[in-house]
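Engineer: Numbered per full-length UniProt numbering, the sequence shown spans residues 1 to 385.
If you are wondering where the hints come from, they were derived from the structure by calculation, not from laboratory data. Treat each hint with caution, since some may be false.
[What the hints assert, rightly or not] With beta-carbon atoms standing in for the labels, derived distance ranges: (1) GLU172 - LEU90: 30 to 36 Å; (2) ARG370 - ALA125: 39 to 45 Å; (3) PRO357 - TRP304: 30 to 36 Å; (4) ARG370 - ARG32: 50 to 56 Å; (5) GLY361 - GLU240: 23 to 29 Å; (6) GLY271 - GLY250: 19 to 25 Å; (7) GLY183 - GLU119: 53 to 59 Å; (8) GLN236 - THR354: 31 to 37 Å.
If you're wondering where the values come from, they're calculated on a predicted model, not measured in any experiment. Even for Gly, the Cβ is constructed at its ideal location relative to N, Cα and C.
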Amino acid sequence: MAEPQAAPVHSPVLMLGGGLMGLAIAHQLACRGRSVTVLSRDRHEAAGFAAAGMLAPHAEGLEGALLALGQESLRRIPDWVGQVEADSGLACGLRNSGVVVPFRSSVEREAFPTARWGEGLDRAALERQVPGIGAGFRCGLLFAQDGQIDNRRRLMRALERACIQRGVRLLEGVEVQGLLRGGVAGEFQGVTLTTAQGERQILAAGQAVLCGGAWSGLLLSGLPVEPLKGQMLSLQAPREALPRVVFGPGTYLVPRQDGLVVVGATIERCGFHRELSPAGLRQLQRGIRELLPAASHWPLMERWSGFRPCTPDAGPLLGASGIPGLFLATGHHRNGVLLAAITASISTELICGTLDPVCAGLLQAFRWDRFRDCADIGLSAMVCR
Numbered sequence: 001m002a003e004p005q006a007a008p009v010h011s012p013v014l015m016l017g018g019g020l021m022g023l024a025i026a027h028q029l030a031c032r033g034r035s036v037t038v039l040s041r042d043r044h045e046a047a048g049f050a051a052a053g054m055l056a057p058h059a060e061g062l063e064g065a066l067l068a069l070g071q072e073s074l075r076r077i078p079d080w081v082g083q084v085e086a087d088s089g090l091a092c093g094l095r096n097s098g099v100v101v102p103f104r105s106s107v108e109r110e111a112f113p114t115a116r117w118g119e120g121l122d123r124a125a126l127e128r129q130v131p132g133i134g135a136g137f138r139c140g141l142l143f144a145q146d147g148q149i150d151n152r153r154r155l156m157r158a159l160e161r162a163c164i165q166r167g168v169r170l171l172e173g174v175e176v177q178g179l180l181r182g183g184v185a186g187e188f189q190g191v192t193l194t195t196a197q198g199e200r201q202i203l204a205a206g207q208a209v210l211c212g213g214a215w216s217g218l219l220l221s222g223l224p225v226e227p228l229k230g231q232m233l234s235l236q237a238p239r240e241a242l243p244r245v246v247f248g249p250g251t252y253l254v255p256r257q258d259g260l261v262v263v264g265a266t267i268e269r270c271g272f273h274r275e276l277s278p279a280g281l282r283q284l285q286r287g288i289r290e291l292l293p294a295a296s297h298w299p300l301m302e303r304w305s306g307f308r309p310c311t312p313d314a315g316p317l318l319g320a321s322g323i324p325g326l327f328l329a330t331g332h333h334r335n336g337v338l339l340a341a342i343t344a345s346i347s348t349e350l351i352c353g354t355l356d357p358v359c360a361g362l363l364q365a366f367r368w369d370r371f372r373d374c375a376d377i378g379l380s381a382m383v384c385r
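Turn these sequences into a full structure, and let the hints steer you where they fit.
Structural biologist: Below, the structure is given as structure tokens:
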């Protein structure tokens, strides 16, 4: 399938979603001199405000093409963050803290998909990296190359300001109702939307990126993206009490520089029901006790939930869609923060017609038509409300 040709420089680009992906792509396009408008119903419901901010393709145990995508994004993150910080004047909270993955046996450790990228830890070394780690964990892996970013409190705010500084138009409180198409090939021509004041409007554009996260499938029926809810909480630890991110089985602890520790996360298939539940809290508390018993005594600061946009193979949907002029940047599941840098690069280069060989090679595994149902239907035939 041929990629759509880049539109003229004066043609606007719409971001259909104002979360992490929408802001990251908008900022990169604006840096290239493109006119960009971000459409968002409520940016604060986006996964970028809910995620823990781990940059950990190795600690996550990613494999195959998804690992390669994550590794390339990890390589690009320092420069990407540097540009966001330069434009916004705000720190994003990027930390090369390293991530420890504990195991109950050496057999489990050796079977871990990314074990060869980590440093093996016996019980004594594991205790030095994570003082007080649960007695049930006998060994571990240290991925010193992995890290974290404070997406919830810093990165999202910095990206928004960087976009504004670059002239991006941010429309908050608007809801996209449908896509406008025309021409011989059914090209993308704009959207119909409802404003925050309840007015129905048409916004014309030559190109757009569907980056609505877990809500993407509501606009394009048949798009294989579903919400998976995650409940999370934060604890206030003594400063320096936890030097490394700890990625345990079913529970992870992400320490910020000021002592706040983000704990996550449940995995719930329950549609868009955001409610926090006692069962979710109990699951997180049980995981904390097993992973780091001392942390169960740290004060609880906040609880929240978010929705991961998940595809059938847990990989994102990137690049051109079956609708000329409409691009996809969604379905990142639990790796959205990690993959933001490479997603912004691929999307920007596609739209500007400058896709480099590295991005082109990575993109092939994440096209929309890799799923049989999508290939049979074709996005060009999907119902656009």
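Engineer: Now, for every hint given, state plainly whether the structure supports it.
Structural biologist: Quick rundown of the hints versus the structure:
| no. | hint | in the structure |
| --- | --- | --- |
| 1 | GLU172 - LEU90: 30 to 36 Å | violated, 19 Å |
| 2 | ARG370 - ALA125: 39 to 45 Å | holds, 41 Å |
| 3 | PRO357 - TRP304: 30 to 36 Å | violated, 40 Å |
| 4 | ARG370 - ARG32: 50 to 56 Å | violated, 28 Å |
| 5 | GLY361 - GLU240: 23 to 29 Å | violated, 42 Å |
| 6 | GLY271 - GLY250: 19 to 25 Å | holds, 22 Å |
| 7 | GLY183 - GLU119: 53 to 59 Å | holds, 56 Å |
| 8 | GLN236 - THR354: 31 to 37 Å | violated, 46 Å |
Comparing the model with each numbered hint stated earlier shows that hints 1, 3, 4, 5, 8 do not hold.
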